[in-house]
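Participant: Spelled out, the chains give:
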Amino acid sequence: MSEDLKILDEVTNSEYKWGFVSNIESDNAPKGLSEDIVRFISAKKNEPEWLLEYRLKAYRHWLTLTEPTWPNVTYPKIDFQDIIYYSAPKAKPTLNSLDELDPEIKSTFDKLGISLEEQKRLANVAVDAVIDSVSVKTTFRESLGELGIIFSSFSEAVQEHPELVKKYLGSVVPYTDNFYASLNAAVFSDGSFCYIPKGVRCPMELSTYFRINSAGTGQFERTLIVADEGAYVSYLEGCTAPMRDENQLHAAVVEIVSHEEATVKYSTVQNWYPGDKDGKGGIFNFVTKRGICLGNKSKISWTQVETGSAVTWKYPSVILKGDNSVGEFYSVAVTNNMQQADTGTKMIHLGKNTSSTIISKGISGGRSQNSYRGLVKIAKGAVNARNFSQCDSLLLGDQCGAHTFPYLEVNNKSSKVEHEATTSKVGEDQIFYCNQRGISTEDAVGLIVNGYCKEVFNQLPMEFAVEAQKLLAISLEGSVG
Amino acid sequence: MSTSTLNNSSAESFTQAIDHFRELYGNHLPAQKSLQIDAAAVFSQLGIPTTKHEEWKYTSLAVIAKNTYRTVNPSDNCSLSKSNVTSLALTNDTLLYVIENGKFNASASNANALPKGITVGSLAELAGDARVQAHLMKHADFSDESLVALNTALTFDGIVIIAEAKTECATPIQIAVVNNTAGEALNIPVRILLIAEKNAIVNVTETHHSFGSKSPVLVNVVSEVVIAEQARVNYIKLQDEDQNTCHVNYHKVNMARDSYQHISTLTWGGGLVRNNLNIRLDDVNCTSYLNGLTIAKDYQVIDHHTVVDHAMPNCYSNELYKGIIDGHAQGVFNGKIFVRKDAQKTNAFQSNKNVLLSDDASMNAKPQLEIFADDVKCSHGATTGQIDEEALFYLRARGIGEVAARALLNHAFAADVIEQIPEENLKSALLDRLTARLNA
Amino acid sequence: MLSIKDLVASVEEKQILKGLNFEVKPGEVHAIMGPNGSGKSTLASVLAGREEYEVNSGSVTFNGEDLLEMSPEDRARAGIFLAFQYPVEIPGVSNANFLKTAVNEVRKSKGLEPLDSKQFLKVMQEKMKLVEMDKTMTQRSVNEGFSGGEKKRNEIFQMAMLEPSLAILDETDSGLDIDALRIVSNGVNALRDGKRSFIVITHYQRLLDYIVPDHVHVLYKGRIVKSGPKELALELEEKGYDWIKEEVDSSVNA
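Residue numbers (my numbering), protein chains in the order written: chain A, 18 to 498; chain B, 15 to 454; chain C, 1446 to 1699.
A portion of the hints provided could be inaccurate.
[What the hints assert, rightly or not] Chain A is nowhere near these chain B residues, computed Cβ spacing over 10 Å in every case:
1. N213
2. A419
3. N439
4. T449
[Said to hold, decoys possible] In the BS3-like style, the derived pairs of lysine-lysine whose C-alpha atoms are separated by at most 27 Å in a straight line are:
5. B/K391 x B/K355
6. B/K71 x A/K363
7. B/K367 x A/K433
8. B/K350 x A/K433
9. B/K367 x A/K369
10. B/K311 x A/K442
11. B/K66 x A/K397
12. A/K94 x B/K66
13. B/K311 x A/K433
14. B/K391 x A/K442
15. A/K338 x B/K71
16. B/K367 x A/K363
17. A/K471 x B/K391
18. B/K359 x A/K442
19. A/K363 x B/K66
20. C/K1459 x B/K359
21. B/K311 x A/K369
22. A/K442 x B/K66
23. A/K397 x B/K71
24. B/K355 x A/K297
25. C/K1563 x A/K471
26. B/K355 x A/K294
27. A/K183 x A/K294
28. A/K397 x B/K367
29. B/K71 x A/K433
30. C/K1580 x A/K471
31. B/K311 x B/K66
32. A/K471 x A/K183
33. A/K471 x C/K1567
34. B/K311 x A/K397
35. A/K363 x B/K350
[What the hints assert, rightly or not] Derived list of chain A stretches under chain C, where covered just means 3 residues or more per stretch with a C-beta under 8 Å from a C-beta of chain C:
36. 419–431
37. 465–473
Think of the hints as simulated: they come from the structure by calculation, not from any bench.
Every value quoted in this text rests on a predicted model; they were computed, and no experiment measured them.
Note that the Cβ used here is the ideal one computed from N, Cα and C, for glycine as well.
Let the sequences and hints guide you as you build the complete structure.
Facilitator: What follows is the structure, given as structure tokens:
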């Protein structure tokens, strides 16, 4: 021990501490959504015609859709005409060095504990920092470039590697996929792009840090990660937002393509502002994340620690198309106060001998509602497919709810699907045992809950694991009576 | 919830049937008149659900649309006699009652030696009884269940069983529900009401069979089981109809404090079978066992939907469902456990295990926990796979041929559910029938 | 150090302790024996502060303070250690992590600086030897998947780490084979330093061959009905509890 407990001590008394607003001048589109706005965004980014066409097709399709109502969440109706779809920090058009970065932006990220300065190599992590709609800085680009790795903002990738973007954009999450994916395809502003060439093992963690700053804006970023044959990359994503009384919409799309024998590990620590104790404000986090294992022995692993957002609706999924491919999903979802989360995964087994693992840990406190929703589908041709799912829920009060909705669809006889789920509370005998060793009840709960999440935290890169534990402690504050 | 309907001639034809009925016979059950009128209105609004409805995601009722059913009515005559039905009795001592095409058939029933304190009779005759009026159509809520609404609107007969307070009836009461066709497609509503009063103990077996010309049948069963304080009900449903039968049923159990119920649903007949079991643990200290078995082959579709609803503290529920799916058959299991806010100290467990014997077979499982109380122990497990290869190898290594070894393992897998039945005679009778079914 | 006066306590409204009097001085080892259901484990639970046990009357003072007013963790910090009869499993929390938290909490309450990882590791390695504990055990989750013997050894190891002034061993010998019993007892004996006190609760005399008590008490029907030197344990082993039961029951009836 324990860094954990020290961290717990350190943070137990703080509230959402990323809730500050930075005074960054921004360049906004007018409120509302129309073809003109789509064209405006595309023009702002100086996009090629094909991309504008793509956006317009998506927009026209979106108009035909209605908001999904099946998730186990309730929230006020979103007025899509009351959102600013594009907001960019006013900055110099190109940055030659870090010194030219708006000092206010730099200090924002410093406050968030994210170093944009390459010389201060924070544990070997390359960062793409996204504020509101645009990427403001990507670190380590040159040294990664030497290996043939492309790591840039999405907008830059459109300019510099249009052939790659064109080839893969929408190949995993088509613009017709769902309401929010369509919306994103129409108005996405920026995000990260990452390509790892054949046989290259990316030597450092790649990371995108998302920050919503401006009021009244929605964030619609798009991330595309492609690992070519035999490549490996570990990718991290972090998110924060200021405390505001209004709800803000975040509707991102992440697409991952893993070619033959390639591995992509995608980790998220999602800490969007969850709203206050009474459920005022907070982010609506409606995200579509999906990866495809294209080749033999491809692998995609999702790890997520979800502590933020007022409402979360998110199912990072894997399509296991290649034979012998592997999908993994490790998740800790914490809800407290009035938060609602409906999250889980989909594992679609198409190839032979494909295997998937799902470990989901839900923790609910306050008056929150926490749902796991997962699909395991074994197609007829997916012979010898295997899935194991473990979905546990922990309840920390008698006002909250925990729900499990697994869908298990098996269409051949050689496959095996196993699902287990439990619901329990932190054991009084466990707390007493800790008390008897001199540990206070609050610390005991922190200790026990962190232990409960260990399987998932173990999947996270070191720094993220520490951050995740801190977040957990903060999120659970006051949840134990 | 989606209200998508099949919106086809079938749904309309049912609505017409309801109207036609009313013209011909007025409201069939005078004491339940207003409920039947409400139900008719609900059905015409809801129609027949499609697979867009979350509860019908895996089971399509399109087959109903293919047929034009004639709805059976009070003027249909029963044709079966005692000698036709003796083979249906599960045990020698069973008290056998027959419902033929929805109608209580007294002459085919064997009502000897009914113990004191037990009333069994035609629902049409007993519908005016105060005890029946207090419960009939009051528990199976039809407001968002269109097929329950359809049954409620069309019900004209069925069976009522009342076990008075402190009555202990060890002898099994068997309700043989027989679909007897003579060349025309029939829509058959069947209604069952079981009331176990305070401290009563009763064993009821509901068995389903096909007689006659193998014409298409839609049998729509609604059972209401009311269990008073400290009463105990053992219930078995055996569904063994021919594959021209589409069987839908809704079985509602309402449990008072300190009561006990054990129900097993064994499904190995029928072309399309959809079971909806809804167990409401409505007061403290209830104990509920809910078991089920699917044996499916050919193009059978067998769907078990269950709800175990914990409303009050200190209750226990345990659920075990197993399935063996062969041929092109499809199995569905959707098991919901609700633990409401007041239901502290609930222990609720659920297990669903399935074996696929063919590459054309499929199994869709959706175990589901919804928990609103914190001091609870709940778990569910679901597996779908092949029979245990290790066990198979072990048996073969002991000299048992592969075919025999597989049969042995399948039997053992399925028998596990029947072994849970507390009543010994019924258990062994059902194990015999299981063996026959697996060898068929 | 510990003084129990006329203690009456109940669990689930059933009175278990019915006026218990008991005194422990620094450095003493007291064995509490008695037939099943006599209230031995209840006494341990009441001293450690388990909530389900309600104290109806009487007093317990520990080093002059009212023990019954203190929370379980404050009792632990004040130096009371309970070796549980059934140590609980805490999945995902490593033994080391757990103990470092506990040790530093106890140190904090005494105004001492917390041990850093290096110091802690050193202390831990030292104390592990006491109970012949395998290194891997500190990395395993608290009691998870431990055998009965491992769990009890782990209890004594924790005791060594936390250095309490009063240790209560609740049927620590139950379910132990002779090797484990020897290891556990050696651990306990190594911690006897003339100042630390022990209350050894046991059903069998066997443990007292290894941990030799200064005083033996017989608990029956919620009271201490007989006290004596260590030889009393041998007498009980030989003659059973029936003669004591008879003695007590007849005097009550008389």
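Participant: Please go over all the hints and tell whether each is borne out by the structure.
Facilitator: Hints and how they fare:
1. N213: holds (33 Å)
2. A419: B/A419 is indeed farther than 10 Å from all Cβ atoms of chain A, at 16 Å.
3. N439: Given a closest Cβ separation of 36 Å, the condition holds.
4. T449: holds (23 Å)
5. B/K391 x B/K355: holds (14 Å)
6. B/K71 x A/K363: holds (17 Å)
7. B/K367 x A/K433: Since the Cα atoms of B/K367 and A/K433 sit roughly 11 Å apart, the hinted pair holds (cutoff 27 Å).
8. B/K350 x A/K433: holds (22 Å)
9. B/K367 x A/K369: holds (23 Å)
10. B/K311 x A/K442: violated (42 Å)
11. B/K66 x A/K397: Given pair B/K66, A/K397 holds - Cα atoms ~22 Å apart, limit 27 Å.
12. A/K94 x B/K66: The given pair, whose Cα atoms are some 23 Å apart, holds under the 27 Å limit.
13. B/K311 x A/K433: Cα-Cα ~20 Å, so holds.
14. B/K391 x A/K442: Judged against 27 Å, a Cα distance of about 8 Å means the pair holds.
15. A/K338 x B/K71: holds (24 Å)
16. B/K367 x A/K363: holds (21 Å)
17. A/K471 x B/K391: Satisfied, since the Cα-Cα distance of roughly 21 Å is no more than 27 Å.
18. B/K359 x A/K442: holds (11 Å)
19. A/K363 x B/K66: Since the Cα atoms of A/K363 and B/K66 sit roughly 19 Å apart, the hinted pair holds (cutoff 27 Å).
20. C/K1459 x B/K359: holds (21 Å)
21. B/K311 x A/K369: holds (25 Å)
22. A/K442 x B/K66: It is violated: about 36 Å lies between the C-alpha atoms, which goes past 27 Å.
23. A/K397 x B/K71: With Cα atoms ~19 Å apart, A/K397 and B/K71 stay inside 27 Å; holds.
24. B/K355 x A/K297: Distance of about 24 Å is within 27 Å: holds.
25. C/K1563 x A/K471: Judged against 27 Å, a Cα distance of about 23 Å means the pair holds.
26. B/K355 x A/K294: Between B/K355 and A/K294 the Cα gap is close to 21 Å, so the pair holds against 27 Å.
27. A/K183 x A/K294: Outside the cut-off at roughly 44 Å; violated.
28. A/K397 x B/K367: holds (19 Å)
29. B/K71 x A/K433: holds (22 Å)
30. C/K1580 x A/K471: OK: C/K1580 and A/K471 at ~21 Å, within 27 Å.
31. B/K311 x B/K66: holds (26 Å)
32. A/K471 x A/K183: Distance ~40 Å between A/K471 and A/K183 Cα, so the pair is violated.
33. A/K471 x C/K1567: holds (25 Å)
34. B/K311 x A/K397: holds (17 Å)
35. A/K363 x B/K350: OK: A/K363 and B/K350 at ~20 Å, within 27 Å.
36. 419–431: This one is violated; 0 residues, fewer than the three required, reach chain C with a Cβ under 8 Å.
37. 465–473: holds (count 7)
Hint check: violations occur at hints 10, 22, 27, 32 and 36; the rest are consistent with the structure.
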